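Participant: Chain by chain, the residues:
2 protein chains.
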Amino acid sequence: MKPVDDVATPALLVDLDVLEANVGRMAEAARSHGVGLRPHAKTHKTVEIAALQMAAGAVGLCLAKTSEAEAFARAGFRDIFLAYPVVGADKARRLLALSDSVRLSVGVDGEDGARSLAATFHAAGRTLDVLLEVDVGFHRVGVAPEAALGLARRVAELPGLRLRGVFTFAGHAYSCPTPDDVAGVGRSEAQTLVGVAAALRDAGLPAEEVSVGSTPTAPHAMAMAGVTECRPGVYVFNDASQVSLGSCRPEDCALTVLATVVSVGGSGRAVVDAGSKCLSSDPLRPRAGGHGWLLGRASRIAWLSEEHGVVAVAEGESFRVGERVRILPNHACVVANLADRLLGVRSGRVEAELPVVARGHVE
Amino acid sequence: MKPVDDVATPALLVDLDVLEANVGRMAEAARSHGVGLRPHAKTHKTVEIAALQMAAGAVGLCLAKTSEAEAFARAGFRDIFLAYPVVGADKARRLLALSDSVRLSVGVDGEDGARSLAATFHAAGRTLDVLLEVDVGFHRVGVAPEAALGLARRVAELPGLRLRGVFTFAGHAYSCPTPDDVAGVGRSEAQTLVGVAAALRDAGLPAEEVSVGSTPTAPHAMAMAGVTECRPGVYVFNDASQVSLGSCRPEDCALTVLATVVSVGGSGRAVVDAGSKCLSSDPLRPRAGGHGWLLGRASRIAWLSEEHGVVAVAEGESFRVGERVRILPNHACVVANLADRLLGVRSGRVEAELPVVARGHVE
Numbered sequence: 065m066k067p068v069d070d071v072a073t074p075a076l077l078v079d080l081d082v083l084e085a086n087v088g089r090m091a092e093a094a095r096s097h098g099v100g101l102r103p104h105a106k107t108h109k110t111v112e113i114a115a116l117q118m119a120a121g122a123v124g125l126c127l128a129k130t131s132e133a134e135a136f137a138r139a140g141f142r143d144i145f146l147a148y149p150v151v152g153a154d155k156a157r158r159l160l161a162l163s164d165s166v167r168l169s170v171g172v173d174g175e176d177g178a179r180s181l182a183a184t185f186h187a188a189g190r191t192l193d194v195l196l197e198v199d200v201g202f203h204r205v206g207v208a209p210e211a212a213l214g215l216a217r218r219v220a221e222l223p224g225l226r227l228r229g230v231f232t233f234a235g236h237a238y239s240c241p242t243p244d245d246v247a248g249v250g251r252s253e254a255q256t257l258v259g260v261a262a263a264l265r266d267a268g269l270p271a272e273e274v275s276v277g278s279t280p281t282a283p284h285a286m287a288m289a290g291v292t293e294c295r296p297g298v299y300v301f302n303d304a305s306q307v308s309l310g311s312c313r314p315e316d317c318a319l320t321v322l323a324t325v326v327s328v329g330g331s332g333r334a335v336v337d338a339g340s341k342c343l344s345s346d347p348l349r350p351r352a353g354g355h356g357w358l359l360g361r362a363s364r365i366a367w368l369s370e371e372h373g374v375v376a377v378a379e380g381e382s383f384r385v386g387e388r389v390r391i392l393p394n395h396a397c398v399v400a401n402l403a404d405r406l407l408g409v410r411s412g413r414v415e416a417e418l419p420v421v422a423r424g425h426v427e
Numbered sequence: 065m066k067p068v069d070d071v072a073t074p075a076l077l078v079d080l081d082v083l084e085a086n087v088g089r090m091a092e093a094a095r096s097h098g099v100g101l102r103p104h105a106k107t108h109k110t111v112e113i114a115a116l117q118m119a120a121g122a123v124g125l126c127l128a129k130t131s132e133a134e135a136f137a138r139a140g141f142r143d144i145f146l147a148y149p150v151v152g153a154d155k156a157r158r159l160l161a162l163s164d165s166v167r168l169s170v171g172v173d174g175e176d177g178a179r180s181l182a183a184t185f186h187a188a189g190r191t192l193d194v195l196l197e198v199d200v201g202f203h204r205v206g207v208a209p210e211a212a213l214g215l216a217r218r219v220a221e222l223p224g225l226r227l228r229g230v231f232t233f234a235g236h237a238y239s240c241p242t243p244d245d246v247a248g249v250g251r252s253e254a255q256t257l258v259g260v261a262a263a264l265r266d267a268g269l270p271a272e273e274v275s276v277g278s279t280p281t282a283p284h285a286m287a288m289a290g291v292t293e294c295r296p297g298v299y300v301f302n303d304a305s306q307v308s309l310g311s312c313r314p315e316d317c318a319l320t321v322l323a324t325v326v327s328v329g330g331s332g333r334a335v336v337d338a339g340s341k342c343l344s345s346d347p348l349r350p351r352a353g354g355h356g357w358l359l360g361r362a363s364r365i366a367w368l369s370e371e372h373g374v375v376a377v378a379e380g381e382s383f384r385v386g387e388r389v390r391i392l393p394n395h396a397c398v399v400a401n402l403a404d405r406l407l408g409v410r411s412g413r414v415e416a417e418l419p420v421v422a423r424g425h426v427e
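Residue numbers (this note's numbering), protein chains in the order written: chain A, 65 to 427; chain B, 65 to 427.
Be aware that a few hints might be false.
What the hints assert, rightly or not - Here are some of the chain B residues that sit facing chain A, going by a computed Cβ distance under 10 Å:
1. P149
2. G152
3. V205
4. V325
5. G329
6. R333
7. G339
8. S340
9. G386
10. C397
11. R423
What the hints contain is simulated information worked out from the structure, not anything from laboratory work.
This structure is a prediction, so every number in the text was calculated from the model and none was measured.
Note that the Cβ used here is the ideal one computed from N, Cα and C, for glycine as well.
Please take these sequences and the hints and turn them into a complete structure.
Facilitator: Take a look at the structure:
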């Protein structure tokens, strides 16, 4: 096992002790609330971390893309929810093939999309489980709460589909200025979704699954009675945005980028060998502010080009060429997606190489 | 050959007619100025497009990372310039191995970095060609013009290195509000670098290579007497930023993202299945403005999450679920880096799959 000091940079390091603690803590929180934990594996896209999550009691995996579901199905995962409004006959055929070996559910948020899936399953004499995506305020996808019952009726009537329940993603929590505001979004997210589920049941429609949660809102949303499932993703790694949102402490961050200082400019500038092709250009949330924090330093990465991270050197700090730094990225999910593998480290040594599967398959 | 209509989305399409025209046009411009063209292959990271550039008369490839150079060397490319201040003994050992089969040059912008390369080559009884990176105003890496001669003297004295010349990258052209300003940066870039080279020669130091150029500044910089080489990258594809900068026409853009509308919201919102894991979060240059243009539409992609592109639907336009759209991305180089392969298309059919090599190897 190679010492971390011998690893070529830039490299994506996963502190395995922190990772395991994060996995265990969220699993325990879900258990204590009697809620099923279905981690969003888009964050890491690694078989090993997904297996860790399952071993800690997860009920299955959440994913966003058909190609991700195919990759995890190949790796042996048997319960997958695609929290995405998958549409079209070509994707429907792939879902049909997937559902041979996987207990599969898929999101729907409109009648046209639902019909495009139903036709393929109905023609094959099969049934696809679907959950209705409800927009609780993020205004990305999802049916408005007041329109949910009407859509649920129409979806429930489509042969080839079986309505299993409702789900949501309260992404607007990422814009909240304070942890109290995040908590408020989490409570409101759950309350709205539980209310929609109750309306469906009152109308005689099925709503056995009531699935909420992002990493920031999970602790608040899964505390609400009536919630059956929670789908946080980034909690396994955490990142600078989660610290800024108050979702975790800096020491709860498992994923860092190891980089080397390659140039030291004259005027308060240092440059590291991690740029936007390693750190991504995703902004810090909830308020933009640089492109990554240097651990143990006040200096921040001020701007990026593809292979350069330009550090604004804080007063009193200095960097030397060849020096190695650890960077806490703004957004862990997009960083992991930029590498072929993550390096699992413990006690200063690389303990495991974790291949990032289902990346690069943009379709 | 599959019709483009049957391709799963999101997919990265390369219009081969446009690509070939772009490759030919830049090659002809360099030829007409008597300047060597060394395309920066980080833009496409495909062997096939690099081969097309070489066939059109390129003198070699420019790359940014040791891992990229290794991938292109494996594919048989024999003249590579790493336009990056590579530092450290581990990278130096890899460069040494590379230089067995490749005519290799590497950038240096400081004495410490240069020493870290020199030691390995000197110990092996070998010599590494280096070019001094000069900062002509971008303020990223590079030695200031007034300090270049001093650094050149110290680098030239290091056993294990051979100083071949100077290079620069005028990235500040990407902030220019008008094409005239871009042209001014290009002229100034070349003038400064030619001046530095003359000062080196006056001092008896070698400066046989004087290497300039980005896609926006290339036509202006390579027109200057004394310039020997030009290293544009994104011209093979172009993108929305190049159109905005005035470097090309919309019809000169070869790389587009094929996406499917997956959701149509109530209030002027449509969502496509290309998000930041496909389009990247790189901003439009020179002025930020959305995350991609929909071809043939006035609507723009207003914001992204990982697998969602949220379209602000322009007045008078509408979208339906299942409809396919073509997106001109802000920045082609980071988009190609997010996919395992590009699809070369001609006359509505997929003519070639172009594997993106040297991606995911973040080190």
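Participant: Look at each hint and say if it fits the structure.
Facilitator: For each hint, the structure was consulted:
no. : hint : in the structure
1   : P149 : holds, 5 Å
2   : G152 : holds, 6 Å
3   : V205 : holds, 4 Å
4   : V325 : holds, 8 Å
5   : G329 : holds, 7 Å
6   : R333 : holds, 7 Å
7   : G339 : holds, 9 Å
8   : S340 : holds, 6 Å
9   : G386 : holds, 5 Å
10  : C397 : holds, 6 Å
11  : R423 : holds, 7 Å
Checked against the numbered hints listed earlier, the structure breaks none of them; every hint is satisfied.
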